[in-house]
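Take these sequences, add in the hints, and give me the full structure.
2 protein chains.
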Amino acid sequence: MTITITAFERSPDGGKGLARDTRVRWALEEVGLPYEVRLESFAALKAEAHLARNPFGQIPTYEEGDLTLFESGAIVLRIAEQHAGLLPPDDRARSRAIMWMFAALNTVEPPILEFSMARLFEADTPWAEARTPMLMERVRGRLRPLSERLSAMDWLDGDFSAGDLMMASVLLRLKPSGFLNEFPVLAAYVARAEQRPAYQRAFAAQLKVNAP
Amino acid sequence: MTITITAFERSPDGGKGLARDTRVRWALEEVGLPYEVRLESFAALKAEAHLARNPFGQIPTYEEGDLTLFESGAIVLRIAEQHAGLLPPDDRARSRAIMWMFAALNTVEPPILEFSMARLFEADTPWAEARTPMLMERVRGRLRPLSERLSAMDWLDGDFSAGDLMMASVLLRLKPSGFLNEFPVLAAYVARAEQRPAYQRAFAAQLKVNAP
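Residue numbers (the working numbering), protein chains in the order written: chain A, 1 to 212; chain B, 1 to 212.
Honestly, I wouldn't trust all of these hints.
Put simply, identical chains are the same to the list, so a pair is met inside one copy or across any two.
[As the list claims (entries may be wrong)] In silico SDA-like links for lysine to any residue, alpha-carbon gap of 20 angstroms or less:
#: 1; residue 1: Lys175; residue 2: Pro126
#: 2; residue 1: Lys46; residue 2: Leu150
#: 3; residue 1: Lys46; residue 2: Arg144
#: 4; residue 1: Lys46; residue 2: Arg140
#: 5; residue 1: Lys46; residue 2: Pro145
#: 6; residue 1: Lys16; residue 2: Ser116
#: 7; residue 1: Lys208; residue 2: Glu48
#: 8; residue 1: Lys208; residue 2: Gln195
For the record, the hints were derived by calculation from the structure and aren't laboratory data.
See the structure below:
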């Protein structure tokens with residue numbers, strides 16, 4: 001069955017792999033599934049055809065036969081549930097891997113996005129400088145326990161899982177900020193993730209779209 | 001098998017049901033599972049025993065035999081997967097219900113939390129007034145498509161599911177803010193959720209802990 005995902009016709013990050021289609025491409029590469037990509041302009045994301053796929057007008061979406069999904073977390077979980085390689089077979093270990101997916105998206109990503117959004121949209125405001133230490137401390141509050149946990153292991157819970165895929169994807173957002181220099185354990189974790197052949201294929205595929 | 005969750009000894013919201021243990025209590029009530037509650041002080045959340053359950057030092061956690069989970073999303077999904085009542089039997093409908101859980105936690109909740117956090121921690125700053133319209137617009141950007149979707153149906157996709165449980169829990173955060181008055185469709189959705197006997201039992205149980 002053909003799988004079709006959507007991605008930006010031109011990603012705001014210019015091909016750094018931070019748009020969320022990269023997570024889905026990565027999961028598909030990990031399990032060895034081919035996929036097609038429908039590229040959407042910013043205008044098309046707010047048009048009826050795409051809003052029928054995702055009412056919030058975002059990428060990525062995922063189509064597989066008559067199933068249409070949005071939310072990178074839900075899409076990666078669908079792929080991980082249907083194909084071997086991203087969730088451990090043991091039922092409890094499986095729930096813990098899914099827990100790390102939620103932790104990445106609901107505990108670690110929000111302060112990182114808040115920090116990035118402030119940099120992007122409020123850098124020139126009179127309050128930018130005063131708010132920065134608070135925003136940075138919120139990010140560090142998540143990175144510290146994560147760094148401690150990963151100090152003794154390669155991945156969050158046993159073998160590489162969908163939880164690591166999502167956590168590394170979220171941490172990749174920090175690369176331009178310098179945060180990872182403060183947490184060498186996390187920098188090494190992200191580097192390990194980036195070295196996976198599946199990640200490299202996913203990164204290259206999105207770069208090809210966005211290369212100048 | 002005994003299920004034990006953790007909750008605040010004294011919730012910062014004074015019993016409005018907005019602490020995330022309510023979501024887990026609600027899910028347990030929907031599927032009819034008994035549970036025990038370990039109440040934690042703020043100091044205990046940062047102590048070793050609790051950090052072993054959740055390295056980020058938050059509630060709720062969930063213990064079932066030798067499985068320990070944190071993240072309300074992961075816990076609700078575990079409950080929904082193991083017991084009938086919160087996920088539809090059809091495989092595609094099931095993936096869509098899980099999609100709405102992720103949408104609640106990763107698309108709708110972050111701007112709501114950002115708005116609430118600014119109210120809580122930055123209300124007295126010189127920039128509070130200038131930032132408020134931007135923060136409110138970010139919240140409305142999520143509420144508008146959600147309201148449109150729910151205008152023709154009671155729940156997000158067919159019968160009530162774990163997706164609705166999570167979305168309604170997230171929207172409940174808006175009750176004190178007046179936002180829901182702008183979106184009567186969402187106010188009605190939240191009211192429908194609150195009328196569910198399982199929600200009422202969950203709410204009462206957390207209120208009992210927090211009642212003065």
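Each hint tested on the structure:
{"no.": "1", "hint": "Lys175 with Pro126", "in the structure": "neither (26 angstroms within a copy, 31 angstroms between copies)"}
{"no.": "2", "hint": "Lys46 with Leu150", "in the structure": "between (40 angstroms within a copy, 18 angstroms between copies)"}
{"no.": "3", "hint": "Lys46 with Arg144", "in the structure": "between (38 angstroms within a copy, 13 angstroms between copies)"}
{"no.": "4", "hint": "Lys46 with Arg140", "in the structure": "between (35 angstroms within a copy, 16 angstroms between copies)"}
{"no.": "5", "hint": "Lys46 with Pro145", "in the structure": "between (38 angstroms within a copy, 11 angstroms between copies)"}
{"no.": "6", "hint": "Lys16 with Ser116", "in the structure": "within (15 angstroms within a copy, 31 angstroms between copies)"}
{"no.": "7", "hint": "Lys208 with Glu48", "in the structure": "neither (27 angstroms within a copy, 47 angstroms between copies)"}
{"no.": "8", "hint": "Lys208 with Gln195", "in the structure": "within (18 angstroms within a copy, 51 angstroms between copies)"}
Going down the numbered hints, you'll see the structure goes against 1 and 7, while the others check out.
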